[in-house]
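*Asks:* Whenever a hint applies, use it, and build me the whole structure from the sequences.
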Amino acid sequence: MRERFPADAPLRSVMEHISGRYPSLASFSLLQGFPRKRFGDAELACSLRSLGLTPNAALCIQTTPPETPQDPASPADRLLLGQEEVVVAPPALPQPQQPQIPELEEEGMEDPARPPPLPHQLWEEAVGYAGIPGVGPPMTGPSHSWGRGQKLNPGDAEEAASSDDEEMPEGGREPYFLLNAGMPRLPFFPENRLRGGLEPRHHWPDQGNRLREGVAEDPAVEPEEAAGCVVPGAAGQAAVERLQRAAQDDPQATQGHPSPPKKPFRTPSVPSLCAMATRATVNLMTAPSMQYSSSLSCLTPELAELLLSHMSRERLLRPRTLELFFGCPMQKFVLNCYPYSTNELLRQLRAFTALKHLSLVNSPLITDAGLSVLCSLLKLQHLNLASCSKLTDSCLQHITGLKSLSFLSLDQTKVSDVGMVLYLQSAPSTLTQLSLNQTSITEATLAALPACVPQLRLLSIKHTKVSDVSALAELPSLQTLYLDGTAVREGSLEHLATHSALSALSVAGISVADGNNILQIISGLRLTQLTLPGRHSVTDAGLAFLSRLSLLSELDLTDYTYVTDQGVTQLATMTRLKRLSLSNTQVTDAGLPSLHCLQELLELCLDRTAVTSRGVAALVTGLPHLQVLSLASTQVGDTVVRRGLVHCVQLFKLNLSRTRITDHGLKFLKCMCLTQVNLDGSGVTLSGIANLIASCPHITSIRASNPRAIPPDQVSDDNDGDNQ
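Residue numbering for the sequence shown follows our numbering, beginning at 293 and increasing consecutively.
Simulated from the structure, these hints should not be mistaken for laboratory data.
Be a bit skeptical, because a hint or two may be false.
No more than 27 Å apart at the CA atoms, straight line, and that leaves these computed lysine-lysine pairs for DSSO-like [unchecked claim]:
| hint | residue 1 | residue 2 |
| --- | --- | --- |
| 1 | K945 | K870 |
| 2 | K695 | K706 |
| 3 | K682 | K624 |
| 4 | K695 | K682 |
*Replies:* Encoded structure:
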């Protein structure tokens, strides 16, 4: 509740007010969270001002149960049972029969001295400082409950049972060991609060398997010698005997019926220690009355960012939560796709003046007014507002003051040429990366770039109305340009044909009639990355121009169905290629020899092509650095493994799905250091896969769904000219 009191009013008036509103509170005390202080009878006459409770303060009401005077019980009257301390009543009262604890003197050992339990008053004070009211008396006892063991010798079940009964003490159960007697557990943690007094923390199996011979029963053998007689292979032999006894006891197995199938074992998903610690920390943070404003200001920026990221994923972040981090010098705050990103939440960022990275991707509730907090974040360098659909040109006035900004993304917002041109006129000299995908900008914005931001190195204008990019030729520092899905014409691209700094270009989806002409225009650039135009407009003639881009490190020709062996031979000059995909092209074994020149190739994809085992084996043996190979939906068989793949010493990822590979070919994979294998729809069997897993300890992922039976005449490709 929230109440107002005069500053000169005594604390007693607050107590009387609470008692009047809640008569059910017979006895209670007031507790201040920070600085922690409990107000007693001596402070009731003091004024609120003298107690430091002005101009405002938050107090917690804690009930204090009445204490009845009683004499402390002697150690002989206490019985430690499980995790609860039971105090035996005076002799005048009827006592239930208690289990007798065996005396340790019988074994020549003295009962170790146990520290006395905490006094009741000290216990109550400790619980009060823990901030958890309503906790019972101190809990003691062991944290584990061990069961009985069982011999492995078959046929001694009755004898063992009788001996166990003789060893059982009176009362029908084994005594608990007195571990840490008298040392209560404070309920700081949820597991100590919720667990009952007699419930053990862990449940151990009641029966075990004895793995030693029964020589200890011979009086002539010393106990020390008997303890060291471990039978070699006892565990395995015991497991075999248990399986045999289970088969004899199974009525269905004796009648010839098969046993029901066992459920497949699945490795339990165990969270990391960092994840468990983060979750426990967040639980304490979000608990009522556990934290206060700026209580987490001393955290390191990395730890604060980790906690906020976890709370964002779990949808626990609220404006009040950010107050706990006030004063923490955080530099990065990512709130992508958070459904509760509102203007109120953004206002709390004013306290984090050290922020350099702010990402609010897909925050549809944020408006232009919410970005007024940016005037307090003068050190901001990275600002991502993509998919904030309510932002308009008015939001740019709040971004103008960010003089250290180097990255700005306004993808899928309502900004237009009017706002962008005005912003660019005062844009900082540090702005080097600008992304305006799916906005309403046109050539008017591009025309302002050379004069306002000549230092721009990255520009992305995907799916905009831009059709002329000739103005970009005047950006001397431009290195990366994304034009996907625009209406750019071939004539405007000619202005970029001689750009000296451009190294990455993407022209996928542009509306051009002849993709070969586009490749001819850009063939003079020093590109290291290129996304090609439409796949239906590029032929072998275009690959002749493409081969001039000798600095390219990646080339994806997937689904370029007009590319044949003649075009593939043109790629021999592109010796810098590290990744090449020819999936679903017309390439055959005749075009593969030209790829021998690609000595730096790391990844090769030949899915859905007409290549065979002979051509692939001859190629991969000449690629010493190959690490990833995909041959899905091809005619390769076991020969490609035996003749080619075994020589790829660095290969760790292999895709042979929907091929003619069989168990015979899997045998040759055992000597390879593969980590990922795909055998979906191939001719392998479950036994072959099991043998592969057993012999290849490096494999971490293997797929073999929907295996198929390959006809005998197609079971392998050894007869495809391989034996000649």
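*Asks:* Run every hint past the structure and note whether it holds.
*Replies:* Results of checking the hints against the structure:
1. For the suggested pair K945 and K870, the alpha carbons sit about 15 Å apart, so the restraint of at most 27 Å is met.
2. The hinted pair formed by K695 and K706 meets the criterion: a straight-line CA distance of about 23 Å does not exceed 27 Å.
3. For the hint pairing K682 with K624, the CA-to-CA distance comes to about 24 Å; that is within 27 Å, so the pair holds.
4. At roughly 24 Å between alpha-carbon atoms, K695 and K682 fall within 27 Å of each other, so this suggested pair holds.
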